[in-house]
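Here the protein sequences come in this chain order: W and A.
Residue numbering for the first sequence is 4 to 300, as defined by the working numbering.
Residue numbering for the second sequence is 731 to 1010, as defined by the working numbering.
Keep in mind that the hints were calculated from the coordinates and are not lab data.
Note that the structure is a prediction, hence the values are computed from the model and not measured.
Backbone N, C-alpha and C define an ideal beta-carbon position, used for all residues, glycine too.
One should not assume that every hint holds.
[Said to hold, decoys possible] Here are the in silico distance ranges between beta carbons for each label pair: (1) W:D74 to A:V751: 32 to 38 Å; (2) W:G201 to A:L754: 31 to 37 Å; (3) W:S266 to A:P922: 56 to 62 Å; (4) A:F779 to W:F280: 51 to 57 Å; (5) A:L862 to W:S266: 18 to 24 Å; (6) A:V895 to W:G201: 46 to 52 Å.
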Amino acid sequence: MASRSSRRVTAHPVAGVLFVLPFFLVVVAFLVVPLGYAFWLSLSTRSLALGTRFTGLENYLRAFTDPVLLDGLLRVVVFGAVQIPVMLGIALAGALALDVVTTRFALAFRLIAFMPYAVPAVIGALMWGFLYSRTFGPFADLPTLVGGAPLDFFGPGLLLASLGNIVTWAWTGYNMIVLYSALQGVPRESYEAAVIDGASQVQIALRVKVPAIRQAIALAAIFTVIGTMQFFTEPQVMARFAPAVSAGYTPNLYAYNQAFAYSDFHYSAAISFALGFVVFVTAYAFVFVNRRRGAAS
Amino acid sequence: MKPRTRLAHLLMFAGVLYFAVPLLWVLVAATKNQADLLSSPALWFGEEFSLFDNIGRLFREDDGAYGRWIANTALYSGTSAVGATALAALAGYGLARFSFPGKRLLETALLGMIMVPATALVLPTYLILAELEVVDTAWAVILPSLLSPFGTYLIRVYVAEAVPVELIDAARVDRAGELRIFWRIVVPVMRPALVTVFLFSLVATWNNYFLPLVVLSDADLYPLTVGLTTWFNTAQQEAGTRVLFDLVVTGSLLAIVPLVIAFVLLQRFWRSGAGTGALK
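The following block holds chain W by itself, in its conformation from the complex (with noise of 0.2 Å):
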């Protein structure tokens, strides 16, 4: 009997596919396809003397070999060495404090950090544009009032520090509305036994709610290292305040910049497609191991 009401509403399966399909052909349109173009296309060569020719690896071989690549790659896994480690630090103290007080100020903390996010990375950089820069902004005069020289935000030394704070400004509050949000979903029984024992609200977020967030955490970590080696808006903005962003600054500035100051489409897609590669399997490998370690422990 269970068969036969069962086999009466088993739905039929074309209309499953039915449901999938529309999503499936946007797919198919907007990631097969151009990435299999670019892939296409960054296996041959144009030139003045010989037009275009299938070259094979040879694009590849030149971008891992293009020291302009290679500092821009260099100088985004510093910045996220530093940025990143920082930014979480911060959005992880955030949330612990978030987890601890309710008050009508907590909330309005809440919805002040997490108002950046709203900002369109553009606006974001050209606002901290102005407040670096010493016509417009009230930072960079500071030194002065100590007798000292005013700080050059878009000179060499400080400019990636300047592009790590409009980062920092604009991710924070993102990413501590993630981690409050995991912390909101801790049994609080697990840390009972510890007030009881007496141990500090420090000690309790330190040792027992910073572990019981452990993937949530992680997971922030990884779509943020995303972000970093996709690096683009920010630097292409702050370019118009600061010279030394250079075209090669980020390797995906460099590709732009390869496609439409050069017009080399061919290497830029080869650039475009191994960095895309690099950070889809860095991030793949991650949730991977991150995930069997997770059940694992």
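Could you slot chain A onto chain W? The hints should help.
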């Protein structure tokens, strides 16, 4: 104030200052004319209150380009968000409640698609669209923005948890069509997830800069992000000959106000959305 939360309060106070100062600056700076912008204290008002004058000039500059950019931004992000949400809703439901050949493969691939960096797709997409001769049209911005693997993933998870199989089976026993079941039973239940996906797609397209920068060259089609940067570049190049810095600042303020208001009103949804991102 309990002494054990003093540290937490101190931290939040510092955070409020850090996150709010740039927003306060743009609010104050938008009330100044170019002369005051250069001469008055950065975080305090200038001699004249020029906000309304600035807004008026903002909409007159370049034959009303700013108004067109707002309309374009609203059109691109609205259309993309509605489309992306609809596709994600259909596909998420299809994956969560049906079985068909290739389903497992697609579900595994979905996680991979989320990991494909969006900007790595921009240049290849441009090349394809250029081949098809649809660059420099609204479609070149809208169509690629319909792709939302994360939205599909989120809906799939939500349907699996919140839409009971029994409810759907009961409707099938009553011989309701599949589309009718979807529209009358499933959509109302998954409304919170739909709002979340809509909101996140809307913001993603509203804030997008790389894609429109690459696929559009006609200034009449620019969204706010690309339009404002072209004004800013002009201001930098023609320093002094045209008064544009104050318009860039006022234009920036007007561009972020609607989204900030939307976020304050809809905070229930973005919080649940961000939370889902954390829990997967």
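**Message:** Tell me the hint numbers this structure goes against, listed in increasing order.
**Reply:** 2, 3
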